[in-house]
Structures are given as structure tokens and as C-alpha cells.
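Using the working numbering, you'd call the opening residue of the sequence shown number 21 and step up by one each time.
Here are the computed lysine-lysine pairs in the DSSO-like style, where the Cα-Cα straight-line distance is at most 30 Å:
#  : residue 1 : residue 2
1  : K393      : K228
2  : K228      : K157
3  : K411      : K157
4  : K228      : K187
5  : K411      : K393
6  : K157      : K393
7  : K411      : K368
8  : K157      : K187
9  : K368      : K157
10 : K393      : K368
Each pair of labels, with its calculated beta carbon distance range:
#  : residue 1 : residue 2 : range
11 : E263      : G179      : 32 to 38 Å
12 : G190      : S359      : 35 to 41 Å
13 : L43       : P245      : 52 to 58 Å
14 : M321      : G67       : 47 to 53 Å
Hints in this document: simulated from the structure, not taken from any laboratory. For each residue, glycine too, the CB sits at the ideal point set by N, CA and C.
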Amino acid sequence: MGAEASGSARALSELAREAETSLLECKVCFERFGPRQQRRPRNLPCGHVLCLACVASLAHPRTLALECPFCRRACRGCDTSDCLPVLHLLELLGPAPRPAAAARPAAPRAPGALSCHHAFGGWGTLVNPTGLALCPKTGRIVVAHDGERRVKVFDSGGGCAHQFGAKGEGAQDIRYPLDVAVTSDCHVVVSDAGDRSIKVFDLFGQIKLVIGGQFSLPWGVETTPQNRVVVTDAEAGSLHLLEVDFPEGVLRRTERLQAHLCSPRGVAVSWLTGAIAVVEHPLAPGARSCTSRVRVFSAGMQLLGQVDTFGLSLLFPCTMTASAVTFDLQGNVVVTDTSSQAVLCLGKPEEFPALQPIVTQGLSYPVALTYTKENALLVLDAADHSVKVFKADCG
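Please model the complete structure; the sequences and the hints are all you need to start from.
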């Protein structure tokens with residue numbers, strides 16, 4: 021009997037280990053599933069299961085289209101659903117077993133690093149968010165996402181104030197928003213990849229202007245201190261300046277600032293110097309995936325500096341996949357990095373590269389960022405469907 025009991029215990033232990041590796045682990049990132057947002061198990065229509073973070077990273081940012089990495093069946097990120105059997109099994113088995121050795125203390129933050137003070141949004145409130153902006157006059161936070169109302173406006177504390185921008189096929193509807201900006205007189209500018217247009221609303225959601233027929237794929241949008249709009253065209257490889265009479269809803273003038281960029285996406289304007297930073301995603305020869313490059317131009321469009329993944333790797337033991345860019349209040353260039361799930365400060369353009377990680381914890385898939393007047397850093401985390409507020413710790 022003792023031998024039989026011992027054999028049964030070994031079999032149960034082996035079964036538990038097999039379940040841990042075969043059923044409770046995402047086969048893309050090899051992280052254990054969990055009930056929280058980024059590790060939550062999600063069913064694809066084909067039946068395969070991935071964690072939510074991997075679904076978000078595999079889905080196309082514009083169309084949300086993805087292919088199952090195992091059977092190649094096509095679907096969309098919003099077609100996935102919670103895998104209830106795995107969630108129930110996680111609940112039965114309890115938390116992941118800890119190693120016998122004492123856990124090492126967390127690594128200290130780098131000098132100047134910020135910590136997350138609070139977050140708002142979350143799945144249901146925000147759905148696959150893509151763009152983030154701050155209203156200079158009111159301090160309200162504007163997010164573009166894939167919900168039924170494409171633009172959501174939050175107050176400075178993270179409470180939802182209102183939402184607008186119908187999901188639809190009409191000329192004034194928003195189909196696939198990629199980015200959002202807010203002018204100094206509180207007009208909301210959205211890049212819509214669905215009909216390749218720029219759409220302008222007032223802060224309460226009334227449509228003011230649709231600029232179509234001028235872009236191949238408008239992606240990043242940003243405003244200048246002179247209340248103009250800068251737009252990147254990812255397919256045409258160009259950067260444009262739009263002069264708009266916002267109260268009247270009239271496009272006054274367009275100017276092509278750059279014509280030979282490589283898949284430009286994110287864009288930022290320094291209100292301190294007027295410099296313009298652009299995130300490019302050039303496809304290296306023979307490569308299957310894009311690298312990233314950040315280029316900074318003066319207000320007169322002279323190249324001030326640039327940094328790319330290869331050049332950075334020669335100086336620092338890291339890679340960088342920049343997904344968004346902004347300037348801090350001192351004129352430093354700051355980017356979100358999806359490779360390291362971090363926010364990096366690259367320094368001033370003439371000092372490139374002067375790498376300093378400023379957020380190294382608490383992010384899953386950062387896609388947009390901006391600073392408030394109080395020097396808090398807002399980061400849009402697509403995998404968590406939330407806006408996270410980072411500040412320096414007091415003392």
C-alpha cells in the first residue's frame with residue numbers, strides 16, 4: 021500500500037508539473053497565465069490560447085488583424101475571449117510555486133526613474149487604445165481607441181468626462197483611429213486610417229473638418245506652439261504641416277516638410293524649441309521585422325540628431341523598438357520602448373545618444389506618452405488598455 025501511495029503521489033506531482041508547463045503557460049512568451057490583465061488567457065477563434073499581452077503585440081495597430089502563431093488562421097484582436105477553463109484551473113491550483121531560494125530584492129531604480137502613482141481606464145473603458153493627448157488649456161486627457169465611441173475624454177484625475185466619435189463608415193465617423201492631438205484652443209485632431217483622413221472635432225465632439233484625399237496613410241499627429249498640426253504619412257514616407265482655421269473649420273494651407281522618411285509613425289513637437297521628432301520604422305534588407313529610428317529636426321527642418329537600434333546597441337547592451345516619442349519640459353527626447361517595456365530618455369538631440377531609462381517597471385505594451393504641466397508622465401499601455409501616471413517619488 022505504501023508503494024502504491026508513493027507512486028500515486030509521484031503521478032499526481034508529475035501531472036501538476038505537466039499542467040503547469042502545457043496548460044498554464046503562454047506558448048508565445050512562455051510566461052505563466054494569470055487572472056490579471058496582461059497575462060489573462062485569451063481564446064482565439066481557432067481554439068488556441070495566448071495571453072492578452074501577446075494578442076495585443078501580434079495584432080496590427082490599425083486593423084487589429086492577426087494570425088494565430090500556431091495554425092495561421094486569421095482573426096482580429098477584438099474577436100478573442102477569456103479562456104474560462106484555464107482561468108478556473110488557475111483558481112484551483114492557486115498562485116505559481118515560488119523557488120526554494122530566497123527571492124532577490126528588486127533592482128534599484130536608476131537615478132531620475134519614475135514610479136507609477138495610479139492608472140485609469142482598463143478593459144471595457146478603453147478597448148485597444150492607440151493615441152493619447154493632453155488638452156493644454158483644461159488639462160483633460162484624450163484617448164483614441166477601438167470602442168463604439170472612438171474618442172474618450174478623461175478629467176485630470178482619470179474620471180471619464182465624456183466620449184464621442186461614432187464607430188462607422190460615414191464621412192464624419194471614425195473608422196480606425198491611430199493617433200490624437202489637442203490644440204491650444206481645445207480642438208481634437210484624429211488620424212483615421214480607415215478612410216485615410218484627418219478629422220477635427222471640438223472638445224465636445226462636434227465635427228469641424230475632414231481633411232481627406234491628401235494622405236496615403238496618416239499616422240502620427242501633433243500640434244505646434246503656433247496651433248498648427250504636424251502629420252506623418254507612413255505609406256508616403258512624408259511629414260506634413262497643416263494650417264487650419266479651427267473655429268471656422270477651414271484648411272488654410274498644407275506644406276510637405278519632409279519627403280524621404282522611412283515609414284514615419286509617431287511625431288512630437290517641442291514647445292520649448294520648436295524641434296520636431298519623428299519615429300521611423302525602416303525595414304532592414306532581408307529582415308522580416310522593422311527596426312526603429314528616431315530623428316529630430318529643427319523648426320527649420322535641419323537634422324539635429326538621430327538614433328537607431330543598431331547605433332544604440334554599439335554603446336549600450338540593449339535593443340530599442342520605439343513606438344512613440346515626446347519631449348519633456350527641458351527639451352529632452354523621450355520614447356516608449358516596446359522591446360524592454362520601458363520609457364527611455366535619449367537626451368537632447370545634440371547629445372544623442374544619452375540613454376537614461378526613466379520607467380522600467382509597470383508597463384506591458386506602451387504605445388503613447390505625454391507630459392503634464394506638473395511634470396507627470398502619462399503613458400498609454402495598450403496591453404492593459406489603460407493610462408498610467410508616473411511621477412518622481414518624493415524624498
